[in-house]
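K.L.:
All chains, full assembly: derive it from the sequences and hints.
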Amino acid sequence: MSLFQGFSLAQDTSEDILHIGPLGILKYKWIDTLNIVGRAQVLPILARLSTRGISIRKTEVGLYIYRAGGLVGKDYKLLAQLVPFLIAILHHHGLVDDELARVWYSIGRLFPLLYVQRAGNLSEYQVRLESIPVLRRYILILSISGSRNFDPRSIPCSSCASSKIRSMFSPKSSITS
Amino acid sequence: MCFEQDPLDVLAKIKYHKLGHIDGDAGRLGLPSNIDNETTESMNGVARQRIQKSNKKDPESKLVAGFGGAAALSFVSSGGFWRQLDGKIVSAGPGVKAMARSGMVDKLMGTTNKERSPRTFFSHSAWVSDSD
Chain A
4 MSLFQGFSLA
14 QDTSEDILHI
24 GPLGILKYKW
34 IDTLNIVGRA
44 QVLPILARLS
54 TRGISIRKTE
64 VGLYIYRAGG
74 LVGKDYKLLA
84 QLVPFLIAIL
94 HHHGLVDDEL
104 ARVWYSIGRL
114 FPLLYVQRAG
124 NLSEYQVRLE
134 SIPVLRRYIL
144 ILSISGSRNF
154 DPRSIPCSSC
164 ASSKIRSMFS
174 PKSSITS
Chain B
146 MCFEQDPLDV
156 LAKIKYHKLG
166 HIDGDAGRLG
176 LPSNIDNETT
186 ESMNGVARQR
196 IQKSNKKDPE
206 SKLVAGFGGA
216 AALSFVSSGG
226 FWRQLDGKIV
236 SAGPGVKAMA
246 RSGMVDKLMG
256 TTNKERSPRT
266 FFSHSAWVSD
276 SD
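Protein sequences, first through last, are from chains A and B. In terms of our numbering, the first sequence opens at residue 4 and continues consecutively. In terms of our numbering, the second sequence opens at residue 146 and continues consecutively.
Straight-line Cα separation of at most 25 Å, DSS-like style, residue types lysine-lysine; simulated pairs:
1) K158/B - K167/A
2) K252/B - K242/B
3) K167/A - K160/B
Don't read these hints as lab results, they were simulated from the structure. All of these numbers come straight from a predicted model, not from anything done at the bench.
P.N.:
As structure tokens, then:
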């Protein structure tokens, strides 16, 4: 009998929200957004956004743009509260496409849920997490590949899963909507 | 200007992959903010600074020795007890404790007893059951 019966290494390992949230999806999307939109275009709009209630200083706005990859978790948490509004402005003027705007609105809904301190009803909390478009897409991809309950390295047949996922998620499909 | 993410990124990149597990883990392990490690992660900066200021010859063992010495000093100066080789349990004398209380150790170690400034997000964890 195994010593760790009933213990699943993949499922019972706790998440590390610092690295999968602020230093994960938010960092990558922020760098991608800056590369797509252009740093010079983002800077004046970000500097003029109202930052009432958030401890961001106007002098530091350049750092968030020109050192986008080297910030700490605290800075990315500020960006999570600020950038959805920036994207709303850019989207209104047609500077970003619908897909990018949808991703950022999802992130804006995801982060308050990640850092929520109390949940009266945990299953309701899970339902709210699953209703976020980006997360729904990720969960769907993991379910199709068969790696939802396993370690990523133990996917039954990674090449079959890859072709299946590629056919289902063609670049123009709108699964996330 | 297409922003469509390659779906295979989600399998290849472990950070995206773990994000897909977050709803299931909330049911298994509780809210993610209860297992947040951001505060301890800031120790990275201290370790990095120590390595940068060293002479780059075997920096890891010096780092461990330095942290160990600091922990021992704070343990002894705050009135901790330890067992000597002959089995006697001893603690620091009144002079050492008085020096620790005078703030000299804090000054030497670079630590502070001041209250911390409030963080952007909540710094405490809380849990309420379904009935609340």
